[in-house]
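Model the full assembly from the supplied sequences, consistent with the hints where possible.
Which chain is which? The protein sequence lines are A and B, in order. First residue of the first sequence: 318, per the numbering used here; consecutive thereafter. First residue of the second sequence: 4, per the numbering used here; consecutive thereafter.
I should point out that these hints are in silico values taken from the structure, not numbers from a laboratory. Check the hints yourself; a few may be wrong.
To be verified - Going by beta-carbon spacing under 8 Å, a handful of chain A positions derived as facing chain B:
| no. | residue |
| --- | --- |
| 1 | G333 |
| 2 | Y349 |
| 3 | P357 |
| 4 | P361 |
| 5 | S368 |
| 6 | S410 |
| 7 | G414 |
| 8 | G415 |
| 9 | Q416 |
| 10 | F420 |
To be verified - In silico lysine to aspartate or glutamate, EDC-like type, Cα no more than 16 Å apart, as pairs:
| no. | chain 1 | residue 1 | chain 2 | residue 2 |
| --- | --- | --- | --- | --- |
| 11 | A | K388 | A | D341 |
| 12 | A | K322 | B | D41 |
| 13 | A | K412 | B | D41 |
| 14 | B | K105 | A | D348 |
| 15 | A | K412 | B | E98 |
As the list claims (entries may be wrong) - What the simulated footprint calls covered on chain B by chain A, stretch by stretch (three residues with Cβ under 8 Å from a Cβ of chain A suffice, anywhere in the stretch; the number is not a length):
| no. | segment |
| --- | --- |
| 16 | 16-29 |
| 17 | 37-45 |
| 18 | 99-111 |
Remember, predicted model here, so these are calculated numbers, not experimental data. Note that CB positions come from ideal geometry on N, CA and C, so glycine has one too.
So you can see what is in the structure, the chains are spelled out below.
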Amino acid sequence: DQQVKQNSPSLSVQEGRISILNCDYTNSMFDYFLWYKKYPAEGPTFLISISSIKDKNEDGRFTVFLNKSAKHLSLHIVPSQPGDSAVYFCAASFKTGGQNFVFGPGTRLSVLP
Amino acid sequence: DAGITQSPRHKVTETGTPVTLRCHQTENHRYMYWYRQDPGHGLRLIHYSYGVKDTDKGEVSDGYSVSRSKTEDFLLTLESATSSQTSVYFCAISESSGLGEKLFFGSGTQLSVL
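Have a look at this one:
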């Protein structure tokens, strides 16, 4: 049973518009969440994170929202650019230590020019 | 770039043969990890190391062993490769920040077991 779910395998968005990627989790003990971006033939790269004591974290065009009661987080990209086309992984953790990360299956974002 | 190098980048092998993947890091990180990435499963932890000669199992450790004889090198061995081990393998290190840990990944090894 997946503890971290990304129910949309793929998403297409027009350049300049908002991209919203969603992630749901089942373990209420998770208290730290991250988003990673992955281009083909490269390793995942860290994008943005949020602690459970916050409900929003912003970094440039990227904002992550956390709704603890719904066990849901989302990544907003505004405005979307063709270079944002990649696979996005959501990850969650409830203890310190990288071995405790649980990753979602990923969402492939395509930003169309 | 967290100074992580994986080798080889691509490997094709036959069922039943042993395979070793290497991860080399240059920044003296204590923790190192091996993940595999498969469609529909995201990234799953195989094994990790918290120091020289200190390793532990992850979620999908069956069929894999690891060794860490030096801080900078973490080896992943498939003793007898099977087709189910066809995957992309990523090595990672972790760093702590104010909020929590972050993982930094190498570029990956594409392994095909025929």
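Hint check:
Of the supplied interface hints, the one on G333(A) is violated, with its beta-carbon coming no nearer than about 29 Å to a beta-carbon of chain B, more than 8 Å. With 8 Å as the threshold, the beta carbon of Y349(A) comes within range of chain B, its nearest partner Cβ sitting at about 4 Å, so the hint holds. Of the supplied interface hints, the one on P357(A) is violated, with its beta-carbon coming no nearer than about 10 Å to a beta-carbon of chain B, more than 8 Å. Hint status for P361(A) relative to chain B: holds, with the closest Cβ pair at about 5 Å, below 8 Å.
Because the smallest distance between the Cβ of S368(A) and any Cβ of chain B comes to about 5 Å, under 8 Å, the interface hint for this residue holds. A least Cβ separation of about 7 Å between S410(A) and chain B falls short of the 8 Å threshold, and the interface hint therefore holds. Proximity of G414(A) to chain B holds as hinted, the smallest CB-CB distance being about 7 Å (cut-off 8 Å). For G415(A), the suggested interface contact is upheld, since its CB lies about 3 Å from the closest CB of chain B, less than 8 Å.
Proximity of Q416(A) to chain B holds as hinted, the smallest CB-CB distance being about 5 Å (cut-off 8 Å). A least Cβ separation of about 4 Å between F420(A) and chain B falls short of the 8 Å threshold, and the interface hint therefore holds. Between the alpha carbons of K388(A) and D341(A) the distance comes to roughly 6 Å, so the proposed pair stays at or under 16 Å and holds. Restraint check for K322(A) and D41(B): satisfied, since their Cα atoms lie roughly 15 Å apart, inside the 16 Å limit.
At roughly 25 Å between alpha-carbon atoms, K412(A) and D41(B) are farther apart than 16 Å, so this suggested pair is violated. With a C-alpha separation of about 14 Å, the suggested pairing of K105(B) with D348(A) holds against the 16 Å cut-off. Of the pairs offered as hints, the one joining K412(A) and E98(B) holds, with about 14 Å between alpha carbons and a cut-off of 16 Å not exceeded. A count of 0 residues in the segment 16-29 of chain B with a Cβ less than 8 Å from any Cβ of chain A is obtained; the coverage claim is therefore unmet, three being the minimum.
Proximity of the segment 37-45 of chain B to chain A, defined as three or more residues with a beta carbon under 8 Å from a beta carbon of that chain, is established by the 4 residues found. Taking a C-beta to C-beta cut-off of 8 Å, the segment 99-111 of chain B contributes 11 residues in contact with chain A, enough for the three needed, and the coverage statement holds.
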